[in-house]
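**Student:** Each chain, letter by letter, is given below.
Protein chains: 2
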Amino acid sequence: MIKNLAALSNGTVTVSGWVDTVRDQKKVQFVVLRDESGAVQLVNPRTTDADGAVVADEPATTISALAQGSFITVTGELKHDERVKLGGIEIKLASLTVVTAAIPETPIAADSSLDKRLDWRFLDLRQPKQNLIFRIQTTFEHALRTYWIEHDFIELHTPKLMASASESRAELFEVDYFDTKAYLAQSPQFFKQMAQSAGFGKVFEVGPAFRADPSFTSRHATEFTSVDAEISWIDSHEDVMQLHEELLVAGFTAVKAKHGEEVLALFGVEVTVPTQPFPRIPLAEAKEIVKSRGYEVPRDDDDMDPEGERQIAAYVLETYGHEFVFLTDYAASIRPFYHMRPENDQTITNSYDLIFNGTEISTGAQREHRIDVLTAQAIEKGLDPEELGGYLDFFRYGVPAHGGFGMGLARVLMLMLHQASIREVTYLFRGPTRLEP
Amino acid sequence: MIKNLAALSNGTVTVSGWVDTVRDQKKVQFVVLRDESGAVQLVNPRTTDADGAVVADEPATTISALAQGSFITVTGELKHDERVKLGGIEIKLASLTVVTAAIPETPIAADSSLDKRLDWRFLDLRQPKQNLIFRIQTTFEHALRTYWIEHDFIELHTPKLMASASESRAELFEVDYFDTKAYLAQSPQFFKQMAQSAGFGKVFEVGPAFRADPSFTSRHATEFTSVDAEISWIDSHEDVMQLHEELLVAGFTAVKAKHGEEVLALFGVEVTVPTQPFPRIPLAEAKEIVKSRGYEVPRDDDDMDPEGERQIAAYVLETYGHEFVFLTDYAASIRPFYHMRPENDQTITNSYDLIFNGTEISTGAQREHRIDVLTAQAIEKGLDPEELGGYLDFFRYGVPAHGGFGMGLARVLMLMLHQASIREVTYLFRGPTRLEP
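First to last, the sequence lines map onto chains Y and U.
Numbering-wise, this note's numbering puts 391 at position 391 of the first sequence, and it's gapless, one number per residue.
Here this note's numbering = 1-based position in the second sequence + 437.
Worth flagging that the hints you see were computed from the coordinates, not collected in a lab.
Do not take every clue at face value.
[To be verified] Below 30 angstroms or equal to it, Euclidean Cα-Cα: the simulated DSBU-like pairs (lysine-lysine) are: (1) Y:Lys258 - U:Lys695; (2) Y:Lys27 - Y:Lys85; (3) Y:Lys256 - Y:Lys3; (4) U:Lys618 - Y:Lys181; (5) Y:Lys116 - Y:Lys181; (6) Y:Lys116 - Y:Lys79; (7) U:Lys695 - Y:Lys116; (8) U:Lys553 - Y:Lys181; (9) U:Lys693 - U:Lys440; (10) U:Lys695 - U:Lys440; (11) U:Lys566 - U:Lys618; (12) Y:Lys85 - Y:Lys258.
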């Protein structure tokens, strides 16, 4: 790998990668070779004949014909030279083999539109910035998983094919399933709650979720990676928030340690490990704060809107110097039937949204585990308990108090790296009009 | 957690869990309390009045009414006593709170059929054996991921919604997708190959895959967790097999270290860490060996059948004392168009199946990365290159030599624990007639 070259002494090396750029000059040829770990300069002085004319020998002729993106393997003399801008090393070529020649016309350029870049995502992903995004995602996820493993969580793979809706019946994808219909899971909600009834205690899952959402915002996709956790024996949603904080601190700590410098160099962003505890503000209070800043949330219900989230995030950053804020105690009217309501106030729920740099990345809550209360809340929301049949069974044979959260992985990355859209940080984005590549 | 009690000194403790059994005797009541970490005996001597008659006081009355499965929180005096069979400790009850009472009639018993147990999977999963399966799965996966992370792999989340088939057009689930149709990914094959063209180098994914397979065997599901890896710059499928071996050794080593004793106690199975290298036998030779053992594979094509796999596995176990065997060099006629064929023999492929305890758990191969050869092989297989459009593009702009494998997670667990069906080791099995719970 190219990143390992700098540690080697001068001598013969063989490396492989793709052609980033070719400078085919009269007396010398330069090739920048790239792999997933970095880039290195290859140099090939041209041979001249007795009259000083350039000779068409190898590898010069092959280099002259090299299309950008071609994958090659080269052998040559590694030389450390401080004057070489690219890492202080270069390789003087002895031989070059073209593994696959790219066609010369590349369909996208640095200034292509996002949509055009997504059409050619595999070329777009060759950019060091794009590659870094997915190495960051890998590091972030592994830090979360390591936390979970160290704390005795069980990893779930819940089914994505369901007999009925897991959230609202709107935004549901229907699948032809032999002689019947199946639906794609909108979240692992029901099944991670089932794990509580099964006595699994603490569970997590990182997997796809599907929403037939026709919207085209920068924050929505029809398929996204959902980061989920659910734990038994909580006293309230406060326990869930504490878990959530610790996970994010673990994730950001790992990303900063492994990629902090690269993120600063390529994205101009300083990764900040959040301090604990994250600020917590009840939603009603947050709306008052936003109002006092001159913004009235234009909604008929009790919810926030995206501008309100940006405003409260700005307030929290100014007041507490924090990029995260838990908005708590959402109104029962705008939360699903399975959110628990505190004993002393049936109008609110033991729930929260987590806002990061002005955008919601997660919803968490204590779940209602008492079958009679749960059934009543379902009916109140206009649901038919018959249709929830299998789900309600989970609560009839004993279940501990429990709660958890679901978090959009791409949203975390988008906001961490100050990107404008989750499309930039999703390997292959899926939207209402995008199913390819 | 119950597993932590043994390390505590005698004194007051509070624990939570569900009721496993109640023995309501005349002079004393015993309750076995269970949580995800273990079980502990609770004891409550009955109070008697001056005449020696039992008094109906608390918590005695509550205990008499306790249904199995009810989740309770108890406080009492922990006492170490070697005579107590269950871990040498018991808790003398002071108080008991019922968190959720289970309904008294449990719909399944220890001898219920597998299908009935799956109907009530959340109760079935309360058994220590079932719980252990998913803790093993967690440990196994984390060991694989840790190997990948330490070796600079990038984790992918490839889309499960696709515009066309990723494998054969048979066994494809169709989804209503706004004004068009989408298909559920049968594997991440195309997208992990795309990562090679994108210069990601080494990638892995653990995620769902979908097959509209109407069969009811013990090895098939319509949705399963696929463990996938793909690496650049290989010389042949030998490099893929070496990666595959190292991953399995890492996984089995972790499982044996963390759960070996429990597996022996609950499943009667000794977890064996496989030695490297695993035996490798070309398929044609394997068929000769099987034949010499008196079994003729009853197939018209060049493939093995399940009995043939069991026979060759028995041979390998007898000959090499190994539970794994790579069957290599499968005929081109029975492999997908994207498997590479060696230069000197176009009738076979640079591919393998991995057999574990007599059953196939994985297919791996070097992929054909030369666009002209790849296109010719697709046409030879009766595919229309037009329909493969986006996939073939990945090879037109340069791509390194590469290969990888896909492995069924449930099959590994089934064979590791000597279970009869993947249904036992899948959190929620999905088959042609099973979409619930």
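**Student:** Let me make sure I understand: some of the numbered hints might not hold for this structure. Which ones are they, in numerical order?
**Tutor:** 5, 6, 7, 11
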